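S.K.: Starting from the structure of chain A, add chain B where the hints point.
Chains as they are written, first to last, in my numbering: chain A, 1 to 454; chain B, 455 to 908.
Hints in this document: simulated from the structure, not taken from any laboratory.
Treat the numbers as computed from the prediction; the structure is a model and nothing was measured.
The reader is advised that the hints may include incorrect statements.
[What the hints assert, rightly or not] Within a straight-line C-alpha distance of at most 35 Å, the following computed DSBU-like cross-link-like pairs (lysine-lysine) qualify:
(1) A:LYS210 <-> B:LYS844
(2) B:LYS908 <-> B:LYS590
(3) A:LYS210 <-> B:LYS843
(4) B:LYS740 <-> A:LYS355
(5) B:LYS908 <-> B:LYS828
(6) B:LYS693 <-> A:LYS352
(7) B:LYS728 <-> A:LYS311
(8) B:LYS728 <-> B:LYS839
(9) A:LYS234 <-> B:LYS590
(10) B:LYS740 <-> A:LYS286
(11) A:LYS355 <-> A:LYS385
(12) B:LYS725 <-> A:LYS355
(13) A:LYS389 <-> B:LYS664
(14) B:LYS592 <-> A:LYS355
(15) A:LYS234 <-> B:LYS664
(16) A:LYS238 <-> B:LYS798
(17) B:LYS794 <-> A:LYS239
(18) B:LYS688 <-> B:LYS713
(19) A:LYS238 <-> B:LYS664
(20) B:LYS692 <-> A:LYS337
(21) B:LYS728 <-> B:LYS713
(22) B:LYS592 <-> B:LYS843
(23) A:LYS352 <-> B:LYS908
(24) A:LYS136 <-> A:LYS108
(25) B:LYS724 <-> A:LYS210
(26) A:LYS274 <-> B:LYS794
(27) A:LYS340 <-> B:LYS728
(28) A:LYS286 <-> B:LYS801
(29) B:LYS765 <-> A:LYS168
Protein chains: 2
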Amino acid sequence: MEPIIQFIQSNQNLYVEELKTFLRIPSISTLPENKEDMKHCAAFVADKLQQAGMSRVEIFPTEGHPIVYGEWLGAPGKPTVLIYGHYDVQPVDPVELWNTPPFEPTIKGDNIFARGATDDKGQMFIHIKSVEAFFKVKGSLPLNIKFIIEGEEEIGSEHLEGFIQQHKDLLKCDAVLISDTSLYEAGLPTITYGLRGLAYMEVEVAGPGKDLHSGSFGGAVANPINVLAEIIAKLHDKKGRVTIPNFYDDVLPLSKEEKKNFELFNFSDKKFAKELGVQELAGESKFSTLERLWVRPTLDCNGIIGGFTGKGAKTVIASKASAKISMRLVPNQDPKKIAKSFTKYIKSLAPKSVKVIISNLHGAYPTLSPLTGKAVKAAAVSMEKAFNKKTVFMREGGSIPVVATFQRILKAPSVLMGFGLNSENLHSPNEHFSLTHFQLGIQSSAYFFEEYSK
Amino acid sequence: MEPIIQFIQSNQNLYVEELKTFLRIPSISTLPENKEDMKHCAAFVADKLQQAGMSRVEIFPTEGHPIVYGEWLGAPGKPTVLIYGHYDVQPVDPVELWNTPPFEPTIKGDNIFARGATDDKGQMFIHIKSVEAFFKVKGSLPLNIKFIIEGEEEIGSEHLEGFIQQHKDLLKCDAVLISDTSLYEAGLPTITYGLRGLAYMEVEVAGPGKDLHSGSFGGAVANPINVLAEIIAKLHDKKGRVTIPNFYDDVLPLSKEEKKNFELFNFSDKKFAKELGVQELAGESKFSTLERLWVRPTLDCNGIIGGFTGKGAKTVIASKASAKISMRLVPNQDPKKIAKSFTKYIKSLAPKSVKVIISNLHGAYPTLSPLTGKAVKAAAVSMEKAFNKKTVFMREGGSIPVVATFQRILKAPSVLMGFGLNSENLHSPNEHFSLTHFQLGIQSSAYFFEEYSK
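Here chain A stands alone, though its shape is the one from the complex (with noise of 0.2 Å):
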């Protein structure tokens, strides 16, 4: 391995070059006024896969964005390995709170800071330049390796699994590598076994016909603001727990072994609240901050709007407001009917003065892997060879919804090689990633082809 690992040490300027191009594209699944640059990143992606050593490389349209596909099979006996990753990137409001803009890549001592940088593009370009550097040096692969790069991650994965339902021999493989979770903290090689679910739900509350001057009418009609602040308090009892019916049956609790393991962790709720910047943290009682974050189901308002919100003061009774209200699931909560509960539900606590309106956006399977797999394993020594450091085993609370899909329709596990750090502020204004981790996980990515190729 000796050549190759030294191969990406000395190609990690023009690597990170290459990153800066891709952080360009402006790839937001949400908005459609992004569309073309959506098509764009997709090309971007097969383009690298191409120069990387794929035989095989294809973009699948879906009726959303399109899939990236790339293959090297030239390793016949040897196991396959496909390696999911998602080019798109989360929206970047509030604009004004990024320091530098977030689709020109800027580096900052070992940062680079842009729009996806972590999440997910800096994370699965580890993958291509490790494929390459294989090429490079050796002129081929010691395992079969297929590439999955999908669009919508950031939006449900709408179109991936009818995708991996229709082309499962093509995907067919012996595992799943995706980097795309977080090491427990910098320098620390760390391996995600359990993820949260997620059911995103969109609630509005519809008053009266038009906004009313709240002069002239306040007192005499329900206030669909107030309405819908009075709906969502409802949702969380007194000790922080969710109220919706049922909605703790199917929650699998914490086994002793591994809440031994979170003790390991050492966490420090108020080193945690501090980089927070809040004074003390929240959350339902009696669980460790760490029980809260991993393993525990969660209530969240992601978005609220109504009324007047610009600057000084408008009387008016908004004739509606809405919300985003998202609820994280872990094992065995099936989002499909945690969806139906909160619909059911929040029906319940409307008034008849207004009409409610419940749409589900998304919903995503949470996920627990067995720690004893082959492909576990080989990724835990993998990474302990590039940090020089002993692995370490967690859960985390995000979800990524394909690793269920994976597990149920391809019967392949999972193997979580994250190289983020949950302070690089995905999904905020100024997320960045670590320029060490980049060239350690080209380095990790490297060392786990040759250690599950074994």
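M.R.: Chain B in isolation, oriented as in the chain A frame:
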């Protein structure tokens, strides 16, 4: 009076054209970008006063928007009427709901559509035209007239009180005449003798130092939107009463006579609900709708915003959320006292996991005018002559802060001779004003000068 009334009738088309020019000026007082339009609008009003025959017209600059003053004092020994109005208008959002552009006055049937048509440009223009009619027909007025037309009514008349205080002698008068209220119904002459006051607050809830990924951080940290919703929900009890301590302490109960008067209106909850497009009305229990609108204080959210409010989904915990919350007050509640109680109570509701910042955006005192005064009686007779129907006496849910100010500083009673309709979408898209009421308003105003001069 016959020739004057005939003159007014024959000049209707001209009056409407002039009103259109007035309505084209986007004099939105709350938006900094309309500052120049405000100046332009003040100059327009001054010109019209001059043309009408005022012997002295002056634009007084303030630290905010200018105040326009006009006077004609050629009737020594006769009473002096101070006519108050405002040339500023509400913002126009949501602008996409307007059927015609808000600053391109459009006539459909009997109505003229434009922002400010009924509130208050159309109504205050009435008095300029009635004054003009007297000068054109008779060469003089039967009493002394002063005009004070301000540009900050929609933003709390911040600089008006100071101006009145400083110009007590200039503004000295026997009665104040204001047309900024509504007829109880189309064609029914109405005097408004009570107005609600206002305390308009803004509450910002600040949580984490930056927006966070709701997957990676959800469950560990207080969500500012959820906290804000919980605070808002706690501001009413199950009976629709405001829960702020001591909120109702100073509320004057409705007299038996007024209660009886209200019953004469034959108000229909069912019809009202239908007009507003709601299945049922809402509000404080045990009070009739007219009581809830006219004699009971309220609390309404006028706007709320936080997190991701675009199309689609973003899994974010916003670092902050804010709401505009206003309370309509009734005699003898004090807006300053109420703002203090509100602030104290909101602070007591906020958990340690967030910070709350509370601002008092503006306030207005409620008022109640004696029905037995000479000016009120003259106004009732005048409207009766113009409309050819018996005048009714009502209260109004909105606020005209200056009424209390005139009462306090000038010791002058106000006569609220309104020509608008509550259904004319004031503060909403598609604001309009009846051209019939515009005409009858000018006649009523002319009759009033004659009646009150006796």
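S.K.: Now look at each hint and say whether the structure bears it out.
M.R.: Consistency of the hints with the structure:
Of the pairs offered as hints, the one joining LYS210 of chain A and LYS844 of chain B holds, with about 32 Å between alpha carbons and a cut-off of 35 Å not exceeded. Proposed proximity of LYS908 of chain B and LYS590 of chain B is supported: the alpha carbons are some 21 Å apart, at most 35 Å. Note on LYS210 of chain A and LYS843 of chain B: the hinted pairing holds, with a Cα-Cα distance of about 31 Å set against a maximum of 35 Å. Under the criterion of a C-alpha separation no larger than 35 Å, the hint pairing LYS740 of chain B with LYS355 of chain A is consistent with the structure, at around 24 Å.
Straight-line distance between C-alpha atoms of LYS908 of chain B and LYS828 of chain B comes to about 10 Å, which keeps the hinted pair within the 35 Å bound. Pair hint LYS693 of chain B plus LYS352 of chain A holds up; C-alpha atoms about 15 Å apart against a cutoff of 35 Å. Of the supplied pair hints, the one linking LYS728 of chain B and LYS311 of chain A holds, its CA atoms being roughly 33 Å apart against a limit of 35 Å. The hinted pair formed by LYS728 of chain B and LYS839 of chain B meets the criterion: a straight-line CA distance of about 33 Å does not exceed 35 Å.
A threshold of 35 Å between alpha carbons decides the hint, and for LYS234 of chain A with LYS590 of chain B the separation of about 66 Å lies outside it, so the pair is violated. Between the alpha carbons of LYS740 of chain B and LYS286 of chain A the distance comes to roughly 42 Å, so the proposed pair goes past 35 Å and is violated. With a CA separation close to 59 Å, the supplied pair LYS355 of chain A and LYS385 of chain A exceeds the 35 Å bound. Simply put, LYS725 of chain B and LYS355 of chain A have alpha-carbon atoms about 19 Å apart, close enough for the 35 Å limit, and the pair holds.
A hinted pair counts as satisfied when its Cα atoms are at most 35 Å apart, and LYS389 of chain A with LYS664 of chain B qualifies at roughly 31 Å. A hinted pair counts as satisfied when its Cα atoms are at most 35 Å apart, and LYS592 of chain B with LYS355 of chain A does not qualify at roughly 58 Å. The suggested pairing of LYS234 of chain A with LYS664 of chain B holds, with an alpha-carbon distance near 26 Å, which does not exceed 35 Å. At most 35 Å may separate the alpha-carbon atoms for a hinted pair to count; LYS238 of chain A and LYS798 of chain B meet this at roughly 22 Å.
For a cut-off of 35 Å, the pair hint linking LYS794 of chain B to LYS239 of chain A stands: about 30 Å separates their Cα positions. Restraint check: the Cα-Cα separation between LYS688 of chain B and LYS713 of chain B comes to about 31 Å, which is no more than 35 Å; the hinted pair holds. Proposed proximity of LYS238 of chain A and LYS664 of chain B is supported: the alpha carbons are some 26 Å apart, at most 35 Å. Proximity of LYS692 of chain B to LYS337 of chain A is assessed by CA-CA distance (about 31 Å); at most 35 Å being required, the pair is judged to hold.
Taken as a hint, the LYS728 of chain B and LYS713 of chain B pair is honoured in the structure, with Cα atoms around 24 Å apart against an allowance of 35 Å. Taking the CA atoms of LYS592 of chain B and LYS843 of chain B, the gap is about 27 Å. The hint holds against a cut of 35 Å. Note on LYS352 of chain A and LYS908 of chain B: the hinted pairing is violated, with a Cα-Cα distance of about 55 Å set against a maximum of 35 Å. Between LYS136 of chain A and LYS108 of chain A the alpha-carbon distance is near 30 Å, which keeps this suggested pair within the 35 Å criterion.
A threshold of 35 Å between alpha carbons decides the hint, and for LYS724 of chain B with LYS210 of chain A the separation of about 18 Å falls inside it, so the pair holds. A C-alpha spacing of about 32 Å is found between LYS274 of chain A and LYS794 of chain B, which places the hinted pair at or below 35 Å, so the restraint holds. A threshold of 35 Å between alpha carbons decides the hint, and for LYS340 of chain A with LYS728 of chain B the separation of about 32 Å falls inside it, so the pair holds. Using a Cα cut-off of 35 Å, the hinted pair LYS286 of chain A and LYS801 of chain B holds, with the two alpha carbons roughly 26 Å apart.
Simply put, LYS765 of chain B and LYS168 of chain A have alpha-carbon atoms about 33 Å apart, close enough for the 35 Å limit, and the pair holds.
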